[in-house]
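Novice: Chain residues, written in single-letter form:
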Amino acid sequence: ELKVEQNPLFLSMQEGKNYTIYCNYSTTSDRLYWYRQDPGKSLESLFVLLSNGAVKQEGRLMASLDTKARLSTLHITAAGHDLSATYFCAVDTYQGAQKLVFGQGTRLTINP
Amino acid sequence: GAGVSQTPSNKVTEKGKYVELRCDPISGHTALYWYRQSLGQGPEFLIYFQGTGAADDSGLPNDRFFAVRPEGSVSTLKIQRTERGDSAVYLCASSYGGLDTQYFGPGTRLTVL
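Same order as they appear, the protein sequences are chains A and B. All residue numbers for the first sequence refer to the working numbering, where the first residue is 83 and numbers rise by one. All residue numbers for the second sequence refer to the working numbering, where the first residue is 153 and numbers rise by one.
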């Protein structure tokens with residue numbers, strides 16, 4: 083059974099500093115997704131990583147994938163209030179259907 | 153363009169009642185998914201439709217849960233004899249299928265009293 087684990091689960095950020103969220107998964111998969119969820123809202127797609135070594139960047143967020151280590155990272159540069167949200171990684175099992183298995187989520191807040 | 157829409161946004165019901173949750177996918181998307189998200193957790197897969205047929209319903213927790221998509225567009229998730237443990241946010245997502253990114257709707261928050 084595919085398991086997806088994120089850490090940390092909570093991250094209190096200081097404005098302007100850099101942080102990394104880790105996403106580990108238990109079985110082989112070449113497709114990993116990052117989503118953002120604001121409180122009371124649905125999930126917004128951030129990145130799709132489709133191959134080993136894939137790196138994608140959007141603004142102050144950068145995601146990478148190492149399929150051999152079964153690890154993806156989401157790097158946050160210069161944290162700010164606009165990035166406060168919960169971030170989920172999800173892995174595609176794709177056994178005839180694109181069933182996403184999600185991590186528990188990492189809740190990011192800004193330390194006042 | 154219009155995204156995935158779900159109705160109602162909130163549903164409060166009593167234990168033992170029947171509920172229906174509706175999902176209207178993005179126009180042209182052939183694949184439709186239902187997930188359930190409990191408080192503080194990531195979404196969990198329930199069922200996947202490709203066109204009108206349920207291609208994978210392995211995530212449905214038991215036979216009280218059923219979903220249909222009769223014309224290959226709108227889908228309805230049906231829950232019979234609701235239990236307090238069914239309380240969660242039910243999310244619908246759609247895509248063009250295959251490896252295409254899933255786009256999520258705003259969800260229906262179901263509360264079973």
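No wet-lab data here; the hints were simulated from the structure. All C-beta atoms in this analysis are idealised placements derived from N, C-alpha and C, irrespective of residue type, glycine included. Don't take every hint at face value.
Stated by the list, open to error - DMTMM-like, lysine to aspartate or glutamate: derived pairs with alpha carbons at most 20 angstroms apart:
hint : chain 1 : residue 1 : chain 2 : residue 2
1    : B       : K230      : B       : E196
2    : A       : K85       : B       : E196
3    : A       : K85       : B       : E235
4    : A       : K138      : B       : D252
5    : B       : K163      : B       : D176
6    : B       : K167      : B       : E235
Said to hold, decoys possible - Here are the simulated distance ranges between beta carbons:
hint : chain 1 : residue 1 : chain 2 : residue 2 : range
7    : B       : S210      : A       : S127      : 20 to 26 angstroms
8    : B       : S239      : A       : I192      : 45 to 51 angstroms
9    : A       : Q96       : B       : T253      : 30 to 36 angstroms
10   : B       : Y170      : A       : D148      : 31 to 37 angstroms
11   : A       : H157      : B       : R216      : 26 to 32 angstroms
What the hints assert, rightly or not - What the simulated footprint calls covered on chain B by chain A, stretch by stretch (three residues with Cβ under 8 angstroms from a Cβ of chain A suffice, anywhere in the stretch; the number is not a length):
hint : segment
12   : 185-198
13   : 253-265
Novice: Against this structure, judge whether each hint is valid.
Specialist: To see whether the hints hold, each was checked on the structure:
A threshold of 20 angstroms between alpha carbons decides the hint, and for B/K230 with B/E196 the separation of about 17 angstroms falls inside it, so the pair holds. The suggested pairing of A/K85 with B/E196 holds, with an alpha-carbon distance near 12 angstroms, which does not exceed 20 angstroms. Restraint check for A/K85 and B/E235: the C-alpha separation of about 27 angstroms exceeds 20 angstroms, so the hint is violated. For the hint linking A/K138 to B/D252, the alpha-carbon distance of about 17 angstroms falls within 20 angstroms, and the restraint holds.
Between the alpha carbons of B/K163 and B/D176 the distance comes to roughly 17 angstroms, so the proposed pair stays at or under 20 angstroms and holds. Distance check on the hinted pair: B/K167 and B/E235 sit about 5 angstroms apart at the alpha-carbon level, within 20 angstroms; holds. Between B/S210 and A/S127 the C-beta distance comes to about 24 angstroms, which sits within the given range of 20 to 26 angstroms. As the Cβ distance of B/S239 to A/I192 is approximately 30 angstroms, the hint placing it in 45 to 51 angstroms is violated.
Restraint check, A/Q96 to B/T253: a C-beta distance of roughly 32 angstroms satisfies the suggested window 30 to 36 angstroms. Taking 31 to 37 angstroms as the suggested C-beta distance range, the pair B/Y170 and A/D148 does not conform, at roughly 47 angstroms. At about 43 angstroms, the beta-carbon gap between A/H157 and B/R216 misses the expected band of 26 to 32 angstroms. For the segment 185-198 of chain B, the assignment as covered by chain A holds, since 8 residues bring a beta-carbon within under 8 angstroms of that chain's beta-carbons and 3 suffice.
Coverage of the segment 253-265 of chain B by chain A holds [criterion: at least 3 residues with CB-CB distance below 8 angstroms; count 7].
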